[in-house]
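> Listed in order, the protein sequences are those of chains F and Y. Start counting the first sequence at 1; every next residue gets the next number (our numbering). Start counting the second sequence at 1; every next residue gets the next number (our numbering).
Distance windows between CB atoms, simulated:
no., chain 1, residue 1, chain 2, residue 2, range
1, Y, Pro-88, F, Asp-109, 31 to 39 Å
2, F, Pro-36, Y, Lys-19, 35 to 43 Å
3, F, Glu-37, Y, Asp-49, 45 to 53 Å
In short, the hints are calculated from the structure, not lab data. These figures come from a predicted structure and were not determined experimentally. From the three backbone atoms N, C-alpha and C, an ideal C-beta is built for every residue, glycine too.
Residues per chain, in single letters:
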Amino acid sequence: MIRRGLREFIIIILLAALPAAVSGYLQLEWRGAPQPELQPDEVRPGTARMWGSHVLWVDARSRERYDAGHVHGAILLNEDHWEELVPAFLDAWDPEKTIVVYCDGGKCDASRAVATRLRDELKLESVYVLQGGWTAWHEYERTHTKK
Amino acid sequence: MRVVVDDPVTVTPALVYWKVGEPNAPKIVRVTTRNPEISLKGLVSGNPDWSGEIETIKPREEFLVRIKPRDTSAKSGAEIKIVTDFPPDQPRSYVVHGRVK
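Isolated chain F, as found in the complex (with noise of 0.2 Å):
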């Protein structure tokens, strides 16, 4: 009658905690391993991919960095070459869409430099900074893309 009953009971808590854990796993891209807290203005490469169509990437390395691979159908806009390249960046912006801009990821500046500066001086909204950059797009792609 107690082992029945316990059984039961644990029957129910695992009910319980499958939608949290299935909700973890794809949101929260839970995996084990903790991930660094996220800012405001942040999207976490599953998101992102989420977000599919709906998002104009933007690359805000060097052009050599950007000729060497990155995300399909990203614009490159940094710093450096800032007014010879934002002609073509607005060209290819849509109103409607949701900007991200990374860089390499790790400690890099430069994806939030541009962010910063597409929010303040275009007065563009919707404007996020992939948190880990073009190196956790690469990893999120290696081990979500079915081979």
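Let chain F serve as the given structure and place chain Y on it in line with the hints.
Chain Y only, in chain F's frame:
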């Protein structure tokens, strides 16, 4: 190392845009200077279908630039230079971007 030089001229916003089909009423860009030696000399539009005018609010201090496309029935764009008179030997200009999206 990056050296940031404070610019005595502020242009805001640096982008004005209209949605396709929206009335082509002028949009306003505010230009302020913190150096009384600087004034605005004129505008140079990179697209003949886009025009603008400068209104002086406070001489050598505050200006309004009104920009508009000829029509908004289709997507278009222009880079419009706001030309100053400073420094005299090589006057600086500032770009405002206009787009119909």
